[in-house]
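One-letter residues, chain by chain:
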Amino acid sequence: MKKITFLLAFFSAFFANSQEKKGAFYGGFESNSQWYLNDTGLNIQQPNNPIRSNSYLFLNYNYDKWSAGVQAEGYESDALLNYNPKLKGTNLATYFVQFKTKKIEITAGYFYEQFGSGMLLRGWEDRPLGINNSLRGGRVVYKPTNSITLKGLYGQQRTGFDVSKGSVYGFDSEFILTDALKFTESEISLGLTYVGRDEKMEIVNQNFPDLTNAFAARVNFSHQSFYLNSEFNYKSDDAIIVINQPDNNFVKPGNALLVNFGFSKKGMGFDANVRRMENMSFYSERKPELYSQNGGSSSFNYNDKIMNYVPALTKQHHYNLANIYVFQAQSRVDFPDPNILKSGEIGGQFDFFYNFEKGTKLGGKYGTKIAVNMASWNNLSGKYNFYPGDYKTDFFGFGEKYFSDYNIEITKKITNKWSGNFVYINQYYNKKFLEGGEIVKTNIVGADATYKFNTSKSVRLQAEHMWADADKKNWASATAEFNLNSKFSMFVMDMYNYGNSDPEKRHHYYNIGGSFRKNSTRIALNYGRQRGGLVCVGGVCRFVPESTGLSLSLNTTF
Amino acid sequence: MKKYIFLALLCVNFAFSQKELPNISLKDINNESFNLKEAFLEKDKLYIFSFWASWCAPCINELDELNDLQDEWKKTVNFEIIAVSTDDSRTQKRVKPLVNGKGWLYKVLLDVNQDFKRALSIVNIPYTIVVKNGTIVHIQNGYVPGIENELLAKLKSL
Numbered sequence: 337m338k339k340i341t342f343l344l345a346f347f348s349a350f351f352a353n354s355q356e357k358k359g360a361f362y363g364g365f366e367s368n369s370q371w372y373l374n375d376t377g378l379n380i381q382q383p384n385n386p387i388r389s390n391s392y393l394f395l396n397y398n399y400d401k402w403s404a405g406v407q408a409e410g411y412e413s414d415a416l417l418n419y420n421p422k423l424k425g426t427n428l429a430t431y432f433v434q435f436k437t438k439k440i441e442i443t444a445g446y447f448y449e450q451f452g453s454g455m456l457l458r459g460w461e462d463r464p465l466g467i468n469n470s471l472r473g474g475r476v477v478y479k480p481t482n483s484i485t486l487k488g489l490y491g492q493q494r495t496g497f498d499v500s501k502g503s504v505y506g507f508d509s510e511f512i513l514t515d516a517l518k519f520t521e522s523e524i525s526l527g528l529t530y531v532g533r534d535e536k537m538e539i540v541n542q543n544f545p546d547l548t549n550a551f552a553a554r555v556n557f558s559h560q561s562f563y564l565n566s567e568f569n570y571k572s573d574d575a576i577i578v579i580n581q582p583d584n585n586f587v588k589p590g591n592a593l594l595v596n597f598g599f600s601k602k603g604m605g606f607d608a609n610v611r612r613m614e615n616m617s618f619y620s621e622r623k624p625e626l627y628s629q630n631g632g633s634s635s636f637n638y639n640d641k642i643m644n645y646v647p648a649l650t651k652q653h654h655y656n657l658a659n660i661y662v663f664q665a666q667s668r669v670d671f672p673d674p675n676i677l678k679s680g681e682i683g684g685q686f687d688f689f690y691n692f693e694k695g696t697k698l699g700g701k702y703g704t705k706i707a708v709n710m711a712s713w714n715n716l717s718g719k720y721n722f723y724p725g726d727y728k729t730d731f732f733g734f735g736e737k738y739f740s741d742y743n744i745e746i747t748k749k750i751t752n753k754w755s756g757n758f759v760y761i762n763q764y765y766n767k768k769f770l771e772g773g774e775i776v777k778t779n780i781v782g783a784d785a786t787y788k789f790n791t792s793k794s795v796r797l798q799a800e801h802m803w804a805d806a807d808k809k810n811w812a813s814a815t816a817e818f819n820l821n822s823k824f825s826m827f828v829m830d831m832y833n834y835g836n837s838d839p840e841k842r843h844h845y846y847n848i849g850g851s852f853r854k855n856s857t858r859i860a861l862n863y864g865r866q867r868g869g870l871v872c873v874g875g876v877c878r879f880v881p882e883s884t885g886l887s888l889s890l891n892t893t894f
Numbered sequence: 273m274k275k276y277i278f279l280a281l282l283c284v285n286f287a288f289s290q291k292e293l294p295n296i297s298l299k300d301i302n303n304e305s306f307n308l309k310e311a312f313l314e315k316d317k318l319y320i321f322s323f324w325a326s327w328c329a330p331c332i333n334e335l336d337e338l339n340d341l342q343d344e345w346k347k348t349v350n351f352e353i354i355a356v357s358t359d360d361s362r363t364q365k366r367v368k369p370l371v372n373g374k375g376w377l378y379k380v381l382l383d384v385n386q387d388f389k390r391a392l393s394i395v396n397i398p399y400t401i402v403v404k405n406g407t408i409v410h411i412q413n414g415y416v417p418g419i420e421n422e423l424l425a426k427l428k429s430l
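The listed protein sequences correspond, in order, to chains A and B. Residues are numbered in the numbering used here as their position in the first sequence, beginning at 1, plus a constant of 336. Residues are numbered in the numbering used here as their position in the second sequence, beginning at 1, plus a constant of 272.
Chain A on its own, in the form it takes in the complex (with noise of 0.2 Å):
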């Protein structure tokens, strides 16, 4: 606290005396705070301390070619349920210096850095997922003309309130050709990146090297309204992780290579994303921390000292029925079973958009919007050895199928009070494969209604429902929303898991909910229960139990 209090009072005193200089100063407050109550209809107890609050405060200050910035966050009197447990007390979390020009960036302390696409190394924040896995160093970014972009950084990534033991080595490169070829209707643009992880192992004739090297190259083409992306990914040999230690005897490298490609003008899109990746998860420190003693819970379950960034491409839905269950990327070896032997995924997402022009027969009078989607993901294909651990892939082989997700979405303004969308969506879940359980295959629909009164007061009412065939089986669910005006919303809303096969467990999971937004200021208050499962954002995933409770959100900028 007394670091916070310091660092407070020295910003305060720079911004004080910037005034008239005119720098910019930013902040920011958010607070998320959460009473859980004992709730027998779901049969689940309160924890110990229940009332618990995660809170962020993040200042910044811009002066001609220098920032500066802090980041104290507060989890009291712990974390909210599920969060990392290493997130506790209050504390000085991430700071930063930054010089920048036209050509130089110079950053000391904290910062975020992707290349290319994360698959290598992307630091970020999720504070919903409680991530934060910023590096602390020094980066170095070099533009010497338009069409060059270089960088170079060494740091030490953010765990907890500390940092890992691992060290991060970074380049990374892009270069625009479009000008040297004299293109004038195409562009092109190639990158290449390095990331190194040096940790020092202690093993006993170590069959694998400390530093980890790994590469990647990357293309970006586009021409009129066409346009190609690819990168490939390449890390060196390493260690595969066997019941949360690293195996000296199951060393290998791992892959990646996306392919990207569409094709869009005005009143129409198409694109298709491929995925084919093989052994890519990638840590800061090899081994996870245990946070309990059989080991079921431990730093690969938060997400913590994660280098890279390997979303699911399949589409994020806004319904709440169709996040019950999510696909998570599968870049790990992981052989669970000797039935489950898993080590990496291969697959693609297609996408459609289109838009029926107004006064068109399809579109009627406001005009109409659809948009397609597909997404189909399986394991790597090729021969697999349980023990002692071992595989070889075959490079386009389809192994066993992990999930798909075909759906389409209408959005239509019918008059102009009336507005709606419409979603379908057939989902494939092997629930086996990746969490243990049984398959499901499931199939949903939506609707969405949205009424405007003649002011900005509107009331919008959703009704889902779902048909599965295992695991929980239906569930139905209902929202009501009303916005009395542009500063007060209310909510409520029901998920029914009326189908369960076990009467005892058809719960509903209610939550009636309110806020207040003015300006850059956001209130909300929620009672209600929330599902236990996967709880996604950005493709990344986090497990958080069942609960019930009254919470509370503030935020605000400064």
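None of the hints are false.
Example chain A residues on the side facing chain B (calculated, C-beta under 7 Å, incomplete):
1. 394
2. 794
3. 855
4. 856
Using 25 Å as the maximum straight-line C-alpha spacing, the simulated DSS-like pairs for lysine-lysine come out as follows:
5. 701/A - 601/A
6. 299/B - 439/A
7. 487/A - 401/A
8. 601/A - 379/B
9. 309/B - 291/B
10. 426/B - 854/A
11. 438/A - 299/B
12. 777/A - 737/A
Pulled a few chain A residues facing chain B out of the computed Cβ check, cut under 7 Å:
13. 454
14. 523
15. 600
16. 602
17. 603
18. 609
19. 647
20. 652
21. 687
22. 690
23. 788
24. 791
25. 853
26. 858
Please keep in mind that the hints were generated in silico from the structure rather than gathered at the bench. For each residue, glycine too, the CB sits at the ideal point set by N, CA and C.
Fit chain B to the given chain A structure using the hints.
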């Protein structure tokens, strides 16, 4: 509790300052780079930066609505809408076909690793800022249908 009061007081201390845009460069969907501090400086013109993502339904509703209204509004106010996509590499590839599929006529900037969003401490999207002569003059947090009437009234008063 004490420390929260302390923090709140500090916030008040910092409040009400006029803010410039941060010194950040972003690329648009055509791979052209824009420095936020330098590219949006036409005198007295209002720049509306709307933060959105391809998976955010209210964001898309707002941008659909503004797309229909902007020609009408431009008769009375000199402004430009810039849609700032906060999509990360999971969904970023869907942005360009989505924008074109929807027929949006905005400049679309890609805030791929959320540097712009983080610099302004934005927690929830949709989030809209209005910038005049390089300074943030209005913030609208969230979107409800019909709020565009208030936004237009605000634009006229700025």
